[in-house]
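Asker: The primary structure of each chain is shown beneath.
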Amino acid sequence: MRETGQDVGIGVGLFMRICFFSDIHANREAFDACFAHAVRQNIDRFVFLGDLVGYGADPVYIVDRVAELREDGALVVLGNHDVAAASGSSEGMNEYASAAIAWTHAALDKPSREFLGGLDLKIEEEDRLYVHSEAAAPTQWRYVGDSDSAERSLRATRQRLTFCGHIHIPQLFHMTATKPAKFFAPHAGAPIPLVGQRQWLAVLGSVGQPRDKNPSAAYGVLDTTKNEFTFLRVPYDVEEAARKIHEAGLPQILAARLFIGR
Amino acid sequence: MTRMDVKPGEIIDGFLVEEQVHVGGMAIIFRARHPDIEDKVLFKVPKIVDSDDATAIVGFEMEMMILPRLSGIHVPKVYSVGDYARRPYIAMEFIDGETLYPKLAESPLPPDEVVNIATRVATALVDLHRQKVIHHDIKPSNIVMRKTGEAALIDFGLSRHLEMPDLLEAEFALPMGTAPYISPEQVRQNRSDPRSDIFSLGVVLYHLATGERPFGLPQSRQALKTRMWRDPVPPRKIRPDIAPWLQEIILRCLEPNPAKRYQTAARLAFSLQHPESVKLTERAHRLKRDSLLVALRRWLKARALPPVEPQPYASTTSDAIIVVCVDLSEGFEYLAEALRIETQRVLSTQGDVRLACINVMKLSAVFMQDAFDSSGRNIHVQRLVELKDWARPLGIDPDKVSFHVLEAMDIAESLLEFARNSHADQILICARGRSNLRRYLGSVSAEVVARAHCTVTVVRAVAPSGTAAA
Numbered sequence: 001m002r003e004t005g006q007d008v009g010i011g012v013g014l015f016m017r018i019c020f021f022s023d024i025h026a027n028r029e030a031f032d033a034c035f036a037h038a039v040r041q042n043i044d045r046f047v048f049l050g051d052l053v054g055y056g057a058d059p060v061y062i063v064d065r066v067a068e069l070r071e072d073g074a075l076v077v078l079g080n081h082d083v084a085a086a087s088g089s090s091e092g093m094n095e096y097a098s099a100a101i102a103w104t105h106a107a108l109d110k111p112s113r114e115f116l117g118g119l120d121l122k123i124e125e126e127d128r129l130y131v132h133s134e135a136a137a138p139t140q141w142r143y144v145g146d147s148d149s150a151e152r153s154l155r156a157t158r159q160r161l162t163f164c165g166h167i168h169i170p171q172l173f174h175m176t177a178t179k180p181a182k183f184f185a186p187h188a189g190a191p192i193p194l195v196g197q198r199q200w201l202a203v204l205g206s207v208g209q210p211r212d213k214n215p216s217a218a219y220g221v222l223d224t225t226k227n228e229f230t231f232l233r234v235p236y237d238v239e240e241a242a243r244k245i246h247e248a249g250l251p252q253i254l255a256a257r258l259f260i261g262r
Numbered sequence: 001m002t003r004m005d006v007k008p009g010e011i012i013d014g015f016l017v018e019e020q021v022h023v024g025g026m027a028i029i030f031r032a033r034h035p036d037i038e039d040k041v042l043f044k045v046p047k048i049v050d051s052d053d054a055t056a057i058v059g060f061e062m063e064m065m066i067l068p069r070l071s072g073i074h075v076p077k078v079y080s081v082g083d084y085a086r087r088p089y090i091a092m093e094f095i096d097g098e099t100l101y102p103k104l105a106e107s108p109l110p111p112d113e114v115v116n117i118a119t120r121v122a123t124a125l126v127d128l129h130r131q132k133v134i135h136h137d138i139k140p141s142n143i144v145m146r147k148t149g150e151a152a153l154i155d156f157g158l159s160r161h162l163e164m165p166d167l168l169e170a171e172f173a174l175p176m177g178t179a180p181y182i183s184p185e186q187v188r189q190n191r192s193d194p195r196s197d198i199f200s201l202g203v204v205l206y207h208l209a210t211g212e213r214p215f216g217l218p219q220s221r222q223a224l225k226t227r228m229w230r231d232p233v234p235p236r237k238i239r240p241d242i243a244p245w246l247q248e249i250i251l252r253c254l255e256p257n258p259a260k261r262y263q264t265a266a267r268l269a270f271s272l273q274h275p276e277s278v279k280l281t282e283r284a285h286r287l288k289r290d291s292l293l294v295a296l297r298r299w300l301k302a303r304a305l306p307p308v309e310p311q312p313y314a315s316t317t318s319d320a321i322i323v324v325c326v327d328l329s330e331g332f333e334y335l336a337e338a339l340r341i342e343t344q345r346v347l348s349t350q351g352d353v354r355l356a357c358i359n360v361m362k363l364s365a366v367f368m369q370d371a372f373d374s375s376g377r378n379i380h381v382q383r384l385v386e387l388k389d390w391a392r393p394l395g396i397d398p399d400k401v402s403f404h405v406l407e408a409m410d411i412a413e414s415l416l417e418f419a420r421n422s423h424a425d426q427i428l429i430c431a432r433g434r435s436n437l438r439r440y441l442g443s444v445s446a447e448v449v450a451r452a453h454c455t456v457t458v459v460r461a462v463a464p465s466g467t468a469a470a
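These protein sequence lines map, in sequence, to chains A and B. Be aware that the first sequence starts at 1, since it is given in the numbering used here, and climbs by one per residue. Be aware that the second sequence starts at 1, since it is given in the numbering used here, and climbs by one per residue.
Bound-form chain A, shown alone (with noise of 0.2 angstroms):
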């Protein structure tokens, strides 16, 4: 796997609303519905910090789209649930996540795994880096859950924002030179002063997934110029997605836990 350094994103400065997809796990709705809320709100780029597939009905839709958006300049990085979508192989995933994971791998054409497969598994640019699970160790795909794991991630970068998803839960947190690394709640739609002499880092919640218990699918938006970053949530259509997922033959449980985001 490739790491990328500071020199991906030509022409970076430019780009001053940057927009985070997280773990859409092949949610063509939730995917759909975030996009058009986010292009009302004159995004500059798009970042996804990976689990493109997995879980949902529409992987080869969602990988399509992500790839065409890459060409156009967005960023992707890897998530575990591409990995195995590439490979075939689902070691460590529970039934249902593995029943996907076959089923994904199976629905998906060679350069569509290749793409998932390629993908980075972290990306710097200026002072952020983007990686789907955290910085220490990113490919044990541990999760960002509480302030110790945070502090772990941030203690692991030298970047002042740390941007990354994979446990579906919405969380930020910051951290001092020496203070341990504080956790806050966000409210959905409330900007966040990026401020002071002091590291962040923001776990977006998940487009295709969610599982804070608010069915919608989460994204969020940083905005360069003003150093602030907003946790969004957008309503979807739940119910055409669940069918989808009936009618692949996938597990129940996966379209079920959409209607109560868990």
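Simulated from the structure, these hints should not be mistaken for lab results. Any given hint could turn out to be false.
Part of the chain A face toward chain B, derived, beta carbon under 8 angstroms [what the hints assert, rightly or not]: (1) 172; (2) 174; (3) 182; (4) 184; (5) 187; (6) 190; (7) 192; (8) 193; (9) 195; (10) 196; (11) 197.
Sample of chain A residues lacking proximity to chain B, with all beta carbon distances greater than 12 angstroms (derived) [said to hold, decoys possible]: (12) 43; (13) 46; (14) 259; (15) 262.
Since this is a predicted model, take the numbers as computed values, not measurements. Cβ atoms here follow ideal geometry from the backbone N, Cα and C, with glycine treated the same way.
The hints should help you fit chain B onto chain A, whose structure is shown.
Answerer: Chain B in isolation, oriented as in the chain A frame:
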């Protein structure tokens, strides 16, 4: 590398820095000018401190987060904020006016002046809390009276925005505030209760009204805790000319338990503007402090309190102020009844509501003199009686309702002004049916709907047959 030192004559992001005007605990303030800004500018930078003392830095970070998010006449306007990593500064409006600090030396002030100041500061707090910010350092030197009359709040270095991370809470294990004014919650390090500002304002009012500090000038953390159990000397003991209702207000602000204070700044402002609506309790008549035995019991209770858990933010608008505009004209009794039914419905669905029932007597420009003679006063009293009679079937607690008969030439304007000054959350008003006359004269309810600052519910009803719908 961050540069914090600033010298007069320097130009930073287009701001020409001029003379230093103030050195505070956490920041230094300069005058400044900018070619694109007509008004005078204040240029605030963090004070250079030992790296160990992070309060100043973090306080400055908080102010940089919160102040640009605020708007309105009750806060300084922000022109620009410097990038913290390179050059931290806040360029803001220079507010033309004096702080309340010099008033302390003049205190005790006449009670009228205290009420006037209190109303303006409470109004500023209404606007701040509406924007989800708790100031946490309300004191005379942080309150500026604009030349235009409004109170503006300054220095947001200890403030908390309820939708942003609290950097200060994360950083420090000590209570943060100014010793004489700090609320008991702040002493216990709860930084998410807007009622803390109401306590601090109570301390300011007590001082202005009596010339003395209610809790002295505590010098230690232990001494700060005294306010949790020891009640202050009642203001009327010091200044007998203070009215019982004003003492009631001040002591209610100073209740150690936030649940016993005014729950919103709007309620406080309302009481200050309508003394007759203030329910007088034992607080109003108290002339001495509680006995030491009572204080001791409170002390034991305060000691037994568990450590504070961070409270989830409860909406400060739960205690709504609802203005009901009652039309008592003959022939429209069916409308008054429909309004009462709607009022009842609102009362049953909302929490702790305060109702202000108003009726406007229309003055005529031509017969203005007549309105003020003795028969005019009789009409006024008669209206008040009718208004109370209208509300009687609601069965509302007398402490939660007030009645106001206004006299005005422009009915809609007077209703709107009353609602604005009362910080009303909702207006209930009736609309009469259509008629040629109303087409010419215009509709009061339509104008209220068009111009109100808050929610307006318009009640309509079909006139029973045989009624003249004028």
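Asker: All hints are to be evaluated individually against the structure, with a verdict given for each.
Answerer: Hint by hint, here is what the structure shows:
1. 172: holds, 6 angstroms
2. 174: Check passed: Cβ of residue 174(A) comes within 6 angstroms of chain B, closer than 8 angstroms.
3. 182: holds, 4 angstroms
4. 184: Check passed: Cβ of residue 184(A) comes within 4 angstroms of chain B, closer than 8 angstroms.
5. 187: With a minimum Cβ separation of about 4 angstroms from chain B (threshold 8 angstroms), the hint on residue 187(A) holds.
6. 190: Constraint on residue 190(A) satisfied, holds at 4 angstroms.
7. 192: holds, 5 angstroms
8. 193: holds, 5 angstroms
9. 195: Holds, because the Cβ-Cβ distance from residue 195(A) to chain B comes to roughly 5 angstroms (cut-off 8 angstroms).
10. 196: holds, 4 angstroms
11. 197: Residue 197(A) check passes; min Cβ-Cβ to chain B is 6 angstroms, inside 8 angstroms.
12. 43: holds, 22 angstroms
13. 46: For residue 46(A), whose nearest Cβ neighbour in chain B is about 25 angstroms away, the distance exceeds 12 angstroms, so it holds.
14. 259: For residue 259(A), whose nearest Cβ neighbour in chain B is about 25 angstroms away, the distance exceeds 12 angstroms, so it holds.
15. 262: holds, 20 angstroms
No hint from the list above goes unmet by this structure.
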